[in-house]
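Q: Please take these sequences and the hints and turn them into a complete structure.
So the sequences go chain by chain: A, B and C.
End of the first sequence = 264 in the working numbering, gap-free, step of one.
End of the second sequence = 151 in the working numbering, gap-free, step of one.
End of the third sequence = 736 in the working numbering, gap-free, step of one.
Watch out, some of these pointers could steer you wrong.
What the hints assert, rightly or not - If you want the footprint, here are the derived chain A segments under chain B, 3+ residues with CB under 8 angstroms:
1. 1 to 10
2. 20 to 27
3. 81 to 88
Since the hints were made in silico from the structure, they are not lab data.
Where a beta carbon is used, it is the ideal one built from N, C-alpha and C, also for glycine.
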Amino acid sequence: MKVHHPTTLDEALAAVEAGAVPLAGGTDLMVEVNFGHIRPDHVVGLRRIGELSSWEDRRIGAMVTWRTVETKGPKAYAEAARTVGSPQIRNAGTIGGNLGTASPAGDGHPFLAAVDAGVELVSRRGRRVLAWSDFFTGVKRTARQPEELITAVVLPERLPMRHAFGKVGVRNAMVIATVCAVVTRDEDGATTAAFGSVAPTPIRAPRAEEMISAEPKPTESALAEFQRLVSEEVQPITDHRSTEAYRRHAAGVLARRLLERCLR
Amino acid sequence: MIITFELNGAPASARVMAPVSLLDVLRDQLGLPGSKNVCEQGECGSCSVILDDEVVCSCLVMAGDIEGSTVVTVEGLGEGLNPVQEALHRAGAVQCGFCTPGIVVTATDLFTKRPRPDDDEIKEALAGNICRCTGYGAIVRALRGLAEVER
Amino acid sequence: MTLLVTRRSGVTDGVGESPLRPDGIPKLKGEFTYAQDLTAEGMLWGATTRSPHPHARILSVDISPALAIGGVHAVLTSADVPGRPTFGLEHPDQPVLASDVVRFWGEPVAVVAAEDEDTARRAAAAVQVEYETLTPLTDPEEADRIDSVFRRMRVRRGDPKISGPVVVEGFYEVGMQDQAPLGTEAGLAVPDGHGGVDLYATSQFVHVDQEQIVASLGLRSDQVRSHPSGIGGAFGAREDVNLHIHLCLLALHTGQPVKMVYHRSESFTGHVHRHPARMWYRHHADREGRLLRVEARIILDGGAYASTTAAVLANACYFAVGPYRCDSVSVDGAGTRTNNPPCGAMRGFGAVQSCFAYETQMDRLAAALGMNPLDLRRRNALHTGDPMPTTGQLIETPLPTVEVIDSLAAIPLPDPSDDDPLPGGSGLTTEPRHVVRGVGYAVGIKNLGFSEGFDDYAQARVRMTPRGLVVETAAVEVGQGLVTVLAQIARSAFGVSTAEVRNVDTSRIDSAGSTSASRQTQVSGGATHAAATRLRDRILEHFDADDLDDEGVRSGDRIIATWDEVTATVWEETVTFRHPPTSPPDPDGQGVVHADFAVAAHRAVVDVDPELGLVRVVRVDTAQDVGKALNPESVRGQIEGGIVQGVGLAVMEELILDEGVIRNPNFTDYLLPTILDAPEVEALLVEQDGSWGPFGAKGVGEPPTISSTAAIAAAIRAATGKPINRVPVRPQDIAL
Chain A
1 MKVHHPTTLD EALAAVEAGA VPLAGGTDLM VEVNFGHIRP DHVVGLRRIG
51 ELSSWEDRRI GAMVTWRTVE TKGPKAYAEA ARTVGSPQIR NAGTIGGNLG
101 TASPAGDGHP FLAAVDAGVE LVSRRGRRVL AWSDFFTGVK RTARQPEELI
151 TAVVLPERLP MRHAFGKVGV RNAMVIATVC AVVTRDEDGA TTAAFGSVAP
201 TPIRAPRAEE MISAEPKPTE SALAEFQRLV SEEVQPITDH RSTEAYRRHA
251 AGVLARRLLE RCLR
Chain B
1 MIITFELNGA PASARVMAPV SLLDVLRDQL GLPGSKNVCE QGECGSCSVI
51 LDDEVVCSCL VMAGDIEGST VVTVEGLGEG LNPVQEALHR AGAVQCGFCT
101 PGIVVTATDL FTKRPRPDDD EIKEALAGNI CRCTGYGAIV RALRGLAEVE
151 R
Chain C
1 MTLLVTRRSG VTDGVGESPL RPDGIPKLKG EFTYAQDLTA EGMLWGATTR
51 SPHPHARILS VDISPALAIG GVHAVLTSAD VPGRPTFGLE HPDQPVLASD
101 VVRFWGEPVA VVAAEDEDTA RRAAAAVQVE YETLTPLTDP EEADRIDSVF
151 RRMRVRRGDP KISGPVVVEG FYEVGMQDQA PLGTEAGLAV PDGHGGVDLY
201 ATSQFVHVDQ EQIVASLGLR SDQVRSHPSG IGGAFGARED VNLHIHLCLL
251 ALHTGQPVKM VYHRSESFTG HVHRHPARMW YRHHADREGR LLRVEARIIL
301 DGGAYASTTA AVLANACYFA VGPYRCDSVS VDGAGTRTNN PPCGAMRGFG
351 AVQSCFAYET QMDRLAAALG MNPLDLRRRN ALHTGDPMPT TGQLIETPLP
401 TVEVIDSLAA IPLPDPSDDD PLPGGSGLTT EPRHVVRGVG YAVGIKNLGF
451 SEGFDDYAQA RVRMTPRGLV VETAAVEVGQ GLVTVLAQIA RSAFGVSTAE
501 VRNVDTSRID SAGSTSASRQ TQVSGGATHA AATRLRDRIL EHFDADDLDD
551 EGVRSGDRII ATWDEVTATV WEETVTFRHP PTSPPDPDGQ GVVHADFAVA
601 AHRAVVDVDP ELGLVRVVRV DTAQDVGKAL NPESVRGQIE GGIVQGVGLA
651 VMEELILDEG VIRNPNFTDY LLPTILDAPE VEALLVEQDG SWGPFGAKGV
701 GEPPTISSTA AIAAAIRAAT GKPINRVPVR PQDIAL
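A: This is the structure in structure tokens:
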């Protein structure tokens, strides 16, 4: 068993290239370890690397915790952060770790999808920023190469004027999303809607977005159509947490409510 | 590998041969069974410890990664009962007691950082600590009462 | 029948007070020793190889890959069980280790002992078992049709043809709830060096564990000692043997102490669950709302092995009508045998399931009659002196059904407030304009103590020492506060202020019975009361004294012997207490089958977001029949805790099965209520003298869970207009 404790990104990248498993807050990785699913014997801990914990304007370091996003993130991102696990999880769990796990239910993903954020990846060969849609490739699968580390989330130069997050779960706290969503609305009416837990990756609802973006003052019937299109566009499954039919319904209702919040 | 860190105010070290959790090291190697192993996935708070001034689930902390850190467990909260423990005791907030160490650690951290929390802050802080026996009523009464005393 | 002894004046921390728990401080400091925390010199760790199939034939078991792992000391299979190859609480039908066929997902096939936990688990995974999978029987209705049952119940009373102008019928379902005690199954077995073994393990009933261990190990009874141990909750999950025999086998085989602790996911397969239920009901009433006839058919799925299914089914049927008068009743019940996980005891023991059905029926009946639902319940309320509607047994102890309803109704209803937390919680799904409030009521009844002729007794020993009274018992403290209340009973019955409770093992005292069925305060409490009273009487007589107190024994106002002087000789009393006798039912389910009853009423206030189907339980108020509250704070703790378990069953707790496989055996997906899900609770204790428990006490542990779930379901129904004929209520049941 070897665990590296680097204080610089270069040392960490060397360890990753040598096969070390990156460890962020541990809140996903250790569940896999505890349940006997994985048994990494070469690990690199990332929490001592100052630059990964920095937050400079629109570049948020990968080791920033949910607790920090909760207190200083943009509104919808902060709202999402507050629903991540328990306070204990939010103290340890990081935005980079959340991206690395790439759970379809990741609470932070819809915000990134809704604002078209990028994910910064670094290896010893260089640095690249992937659009969120290129980063997520499947259930718990991403475009990160084994020798790369997720180093930051890069927000767009300007965020839409209004944005709101919501999450449907059976419990009032500490619950995996049945559906989660972020809706944004800009001054010119441009609307985005992004969802978690309704497809293998976070997804947008382009037809619904296009329809409602063309409505400067959405009427009751436009809102209903937006809701209907969202329900149609999401691609949920039935599993032990919920049913396809309910997830379609809830995604539509939630999107409409979040839009109404943005319009107010 | 040998990991050295500060545990309950004193230097400590542990021999880590596998990707075990801090919880396992505390319980099995360092003779501190107060932190409880309940769910192993951060869904109950029974193993809560204070790591570098933040409450975390020790079941989700890889022991090999705590080099140089500071850890406080329920055993490190001092002699006798602290005000949180005293309030929980007096309110009848302990039944089977398995969640109790985690609740004590979490609530102690809350009162250290916010000595006069309101009900919402109390519940928000304890939202990750599952209790199966009490229904939480006595826990809320205890901490509400303590906050009132602090006011 | 009442053991009426006046409370001694001058005694502090006696009955009626709420002294602090003696185990509170060690638990708060993390110093209390639970079974999980035990260690012994030279200790090995055990682990279990489990079936990945719900139904399969075992073709071969190859233990050699496990034995080849360094540090492994033993790998045992069914061939290594020296005595009876099976165990079981009521019927020994469950293999200690499966030999030819596995009948549920997670059934133990082999156990290993190794030098550390990690090695033990790797070795358990390395045991090679070849299976031929068989089709699992997972539909309880199919099991009923093909007569795969553990027990059928038939209750017939009154006129089977009578009907009335108002008839309501319905079909109801209850999902599979888990006790989910926070402490998982754990234990340490220590060989005594002479062929015997001491076991320290999670249990609610050490004597019945000991009997089963003795049988399967083929030992003499005196060679196995089972010790009450520190336990992180129980709620029924610890009545059955799970790792107990395995640990003793491994310890005797290796000659070393062996410890085993189930992980959470293993715990979900390692103990029994609450029976899922399907229930068909028809109520007949006259225009004034009097019940004329109730018909019910109840199927509880017992899963793969018997456990307590026979008794749970009986209870569901005996309480199928609820606390209501009705002269014509027919109930048919089946406890089915399938390849689902075994089900057994959980807080409420069958009474929970049928309460959800009969209380929903009562609401439907009230709606059909245009009556206030509480008036309908008052009109039919069962009273002391009435026959039970099912068994015909005359109710001889106080049954304040009307009183609990009236007390509950008198608690003011809260006004909606801007501060009310919204459904959806931190998910921010819901605004006040999306919320509809609903109020629902339910009343429940259950027996206290064991039934149907079971020889229900408890032994306790009370000894006077220079430092006060010592109560010895094998009754298990599971967190409910037995160690507090037995000391209170001893103080008040004997007349001194110092008393402590000490747990002793099975070799040093006779059984206290199980810590279940709401029974220990009454039964072990009854034994403690009787022993303390007799000891007092003997001491007074011996010293020709007329009173005693904390100083010593007195004649008038003079101390004639101090306790140091008195206890120069041993003064102790051992008493075995039995509650009033019960008997098995006749073929029509008639007879005196229960020893005592308790009723409780609940009112739930819920805020529902109907469009998303999200529910926030705002408050659950209750009035409960407690006989006499020996420790009011402990009673309140039982009530609040029981109600939150009722909230869990109402809106979130369910094991999801897929062809016999549990899909959510973890705390990420088996959701327990958090502090943000817990309602406010106001609890009124209705005290009436006349039960046979010490000082008139009744058991209080189960009634809070019985009707709280039904009340919450009723409130959701009131808010949404949806039928809500199944619990837990899922968002899709409301929104779609």
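Q: Decide, hint by hint, whether the structure agrees.
A: Structure-based check of all given hints:
1. Counting residues of the region 1 to 10 of chain A whose beta-carbon sits less than 8 angstroms from any beta-carbon of chain B gives 4, enough to reach three: the coverage restraint holds.
2. Counting residues of the region 20 to 27 of chain A whose C-beta sits closer than 8 angstroms to any C-beta of chain B gives 4, which meets the bar of three, so the coverage hint holds.
3. Counting residues of the region 81 to 88 of chain A whose beta carbon lies closer than 8 angstroms to any beta carbon of chain B gives 4, which meets the minimum of three for the stated coverage.
Hint check: no violations occur; every hint is consistent with the structure.
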